[in-house]
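Peer 1: Each chain, letter by letter, is given below.
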Amino acid sequence: MAKRSFLIPGVDKRLLIKDAIKTMPDFTRRRFIAGGASLGALTLLTGCDVVDSSSADTLLAQVSKFNDAVQAFIFNPDALAPTFPESAITKPFPFNAYYDLDDAPDIAAADWKLEVRGLVDNKKSWTLDELYKLPQVNQITRHICVEGWSAIGSWTGTPLRDFLKLIGADTRAKYVWFQCADKDGYNSPLDMRSALHPQTQMTFKYANEILPRAYGFPMKIRVPTKLGFKNPKYVVSMEVTNEYKGGYWEDQGYNSFSGS
Amino acid sequence: MSSLTVTDEQVSATPAKVIQPAWVRVMHWINALAMILMILSGWQIYNASPLFGFSFPREYTLGGWLGGGLLWHFAAMWLLMVNGLAYLITGFATGRFRKKLLPITPSGVLHDVRAALTFKLGHDDLTVYNYVQRLLYAGIIAVGVLIVLSGLGMWKPVQFYYLVMLFGDYPTARYVHFFCMAAICAFLVIHVLLALLVPKSLRAMIIGR
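Heads up: the sequence lines are chains P and G, in that order.
Following the working numbering, the numbering of the first sequence begins with 58 at its first residue and continues without gaps.
Following the working numbering, the numbering of the second sequence begins with -18 at its first residue and continues without gaps.
These are calculated hints, taken from the structure and not from any lab test.
Hints should not be assumed to be uniformly reliable.
With a straight-line cut-off of 25 Å between C-alpha atoms, the simulated BS3-like cross-links for lysine-lysine are [what the hints assert, rightly or not]:
(1) Lys181(P) to Lys170(P)
(2) Lys81(G) to Lys122(P)
(3) Lys231(P) to Lys302(P)
(4) Lys240(P) to Lys170(P)
(5) Lys137(G) to Lys231(P)
(6) Lys180(P) to Lys190(P)
Under 8 Å between C-beta atoms, here's a sample of chain G residues computed to sit facing chain P [said to hold, decoys possible]:
(7) Ile0
(8) Ala3
(9) Ser30
(10) Gly34
(11) Leu47
(12) Gly48
(13) Gly49
(14) Leu51
(15) Trp53
(16) Phe55
(17) Lys137
(18) Gln140
(19) Tyr142
(20) Pro152
(21) Arg155
(22) Tyr156
Ranges between beta-carbon positions, derived for each pair [what the hints assert, rightly or not]:
(23) Asn195(P) to Ser88(G): 31 to 41 Å
(24) Pro38(G) to Val127(P): 56 to 66 Å
(25) Val(-1)(G) to Phe130(P): 38 to 48 Å
(26) Leu174(G) to Leu158(P): 46 to 56 Å
(27) Leu158(P) to Val126(G): 49 to 59 Å
(28) Ala13(G) to Lys170(P): 27 to 37 Å
(29) Ile171(G) to Gln119(P): 33 to 43 Å
(30) Asp178(P) to Pro38(G): 54 to 64 Å
(31) Ala13(G) to Arg174(P): 34 to 44 Å
(32) Ser111(P) to Ala13(G): 25 to 35 Å
(33) Ile146(P) to Gly189(G): 36 to 46 Å
Every residue gets a Cβ at the ideal spot worked out from N, C-alpha and C, and that includes glycine.
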C-alpha cells in the first residue's frame, strides 16, 4: 500500500471504487471484504464480534501474504502446465471480464505501442509490427479462472523471457508489472520467476488468428501457471520493478500470487 | 469422618471411564470449526461459477464476495490440514483407529443398520462403536482425505499435477471436491442429530466422560 498508482492525481483508486460501490446495486463481484464477513452465524459460532470485521480482515490479509510465500516456495520454474491436443480446445472460448464485451477496449493497431519501463537497458516502445517479427511459439493449455471454471485455449506468441532478455531486463528484479487499457485501468504484477517461466507468453494470436478484441487485442500475457486474472489483456505497458505496485483484483483481495 | 475419607478414596480410585481422550476432543472441535468455515466459504466460491443449476443462499456463505470467500477458504485450509494431519497421525500411532473402527464387516453393518432402523440399536457402552458408527466414522475420514487432496489439486493444478491426474482432470477434481462437501454435509446432519438424541455422547466429546 506504500505507493500506488493514481488514475486521477491524488485520488486513491481503492477508495474511489469503494465510494462508487456504495451507489451500486448489490453486485457480488464488486463487493469488498470490508463490507464482507457479514455472516451472523459466524458471530454465533465463534462468540467473536465480527461485525467490526477489520480485525478479521487484517488476519485474513496476513494469511494471504503467508500463502504468497508458501506458493512462491512451492513454485517449480521447471514444472510445465499440461498441454492438450487441438481437439480438446473449448469452443467457444469464453469472454470474461468485469465489463461487457461492448465495453472492452477497442484498440487501433496503428495507434498502439507497447511501452517498456523500469529496470531495463532498452526502454524503446514497440509497435505491433515490430513485435510480430519476434519468434513465436504455440501452446494449448488450460485457462483456470479464480471463479472455478476453466477452458482450454490455443495461444501463440513470444515467450516473455525471450523478450525480457531482448530488452535487457534486470531479471533479478521482483516483478514485471503490466498496465492495461481496460476501463478503470486494469493492472497486475507478475513475480519474476513466473515471468521467466518457459510457458509465459506475450500472446498475439488465438487459435492461429490475430488475437480478437474479446481475448485482449493487440496483446495479452498468457501465464498458464497463474489464475486467469493474472493473464492481463489489452496490455499497454510493462515495467520491470522491485516495487510491489498492486493490481486491479489483487488490491480488492484476490491472493496476489494466485499461482497454479 | 473416617467413613467419609474412605468414600473419597473409593471415588478417586475408580474415576469415571474416559470415553474420549483429550486429544480427540480438542482435534474434534478444531475440525468442526475448520469444516464449517471451509463449507461456508466454499459455498461462496461455488456461487461464483455454480456447477449445477443452483446457488447457495447468500446468508449461508462466508466472506461477502468471491475474494472474501477465497481468503477464508485458504486461511481455514491450514487449520483443517494441520489439525487433520495431526489427527491421522495420532489416530494411527495410538492404535485408536484400529481399536475403535475395526473390524467393519458387512454382516455387522447390515445387522446394526437393521437394528438402528427399528430403534433397537443400543448406546449403552459409549466406548464401543457399533458397526454403523464404525462405517460412518471411517468413511468420513476417507472423505476428509479425498476433499483435501482434490482441493490441493485444484489449488495447484500445475505444481501438484499428479493430484489432478488422480482424479482425471481439473474439472473432475472440482466435482469430486463438491461431492465430498455434500457427503460431509450429509454426515454432519446425521452426526449432530444422533449426538442430540444421545446427549451423553455429546457430553463425552466435551468433558471426556
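Peer 1: Now tell me if each hint is right for this structure.
Peer 2: Evaluation of the provided hints:
{"no.": "1", "hint": "Lys181(P) to Lys170(P)", "verdict": "10 Å, holds"}
{"no.": "2", "hint": "Lys81(G) to Lys122(P)", "verdict": "41 Å, violated"}
{"no.": "3", "hint": "Lys231(P) to Lys302(P)", "verdict": "11 Å, holds"}
{"no.": "4", "hint": "Lys240(P) to Lys170(P)", "verdict": "18 Å, holds"}
{"no.": "5", "hint": "Lys137(G) to Lys231(P)", "verdict": "22 Å, holds"}
{"no.": "6", "hint": "Lys180(P) to Lys190(P)", "verdict": "18 Å, holds"}
{"no.": "7", "hint": "Ile0", "verdict": "25 Å, violated"}
{"no.": "8", "hint": "Ala3", "verdict": "22 Å, violated"}
{"no.": "9", "hint": "Ser30", "verdict": "4 Å, holds"}
{"no.": "10", "hint": "Gly34", "verdict": "15 Å, violated"}
{"no.": "11", "hint": "Leu47", "verdict": "7 Å, holds"}
{"no.": "12", "hint": "Gly48", "verdict": "4 Å, holds"}
{"no.": "13", "hint": "Gly49", "verdict": "4 Å, holds"}
{"no.": "14", "hint": "Leu51", "verdict": "7 Å, holds"}
{"no.": "15", "hint": "Trp53", "verdict": "7 Å, holds"}
{"no.": "16", "hint": "Phe55", "verdict": "6 Å, holds"}
{"no.": "17", "hint": "Lys137", "verdict": "6 Å, holds"}
{"no.": "18", "hint": "Gln140", "verdict": "5 Å, holds"}
{"no.": "19", "hint": "Tyr142", "verdict": "6 Å, holds"}
{"no.": "20", "hint": "Pro152", "verdict": "6 Å, holds"}
{"no.": "21", "hint": "Arg155", "verdict": "6 Å, holds"}
{"no.": "22", "hint": "Tyr156", "verdict": "11 Å, violated"}
{"no.": "23", "hint": "Asn195(P) to Ser88(G): 31 to 41 Å", "verdict": "60 Å, violated"}
{"no.": "24", "hint": "Pro38(G) to Val127(P): 56 to 66 Å", "verdict": "32 Å, violated"}
{"no.": "25", "hint": "Val(-1)(G) to Phe130(P): 38 to 48 Å", "verdict": "41 Å, holds"}
{"no.": "26", "hint": "Leu174(G) to Leu158(P): 46 to 56 Å", "verdict": "49 Å, holds"}
{"no.": "27", "hint": "Leu158(P) to Val126(G): 49 to 59 Å", "verdict": "43 Å, violated"}
{"no.": "28", "hint": "Ala13(G) to Lys170(P): 27 to 37 Å", "verdict": "57 Å, violated"}
{"no.": "29", "hint": "Ile171(G) to Gln119(P): 33 to 43 Å", "verdict": "37 Å, holds"}
{"no.": "30", "hint": "Asp178(P) to Pro38(G): 54 to 64 Å", "verdict": "56 Å, holds"}
{"no.": "31", "hint": "Ala13(G) to Arg174(P): 34 to 44 Å", "verdict": "51 Å, violated"}
{"no.": "32", "hint": "Ser111(P) to Ala13(G): 25 to 35 Å", "verdict": "26 Å, holds"}
{"no.": "33", "hint": "Ile146(P) to Gly189(G): 36 to 46 Å", "verdict": "58 Å, violated"}
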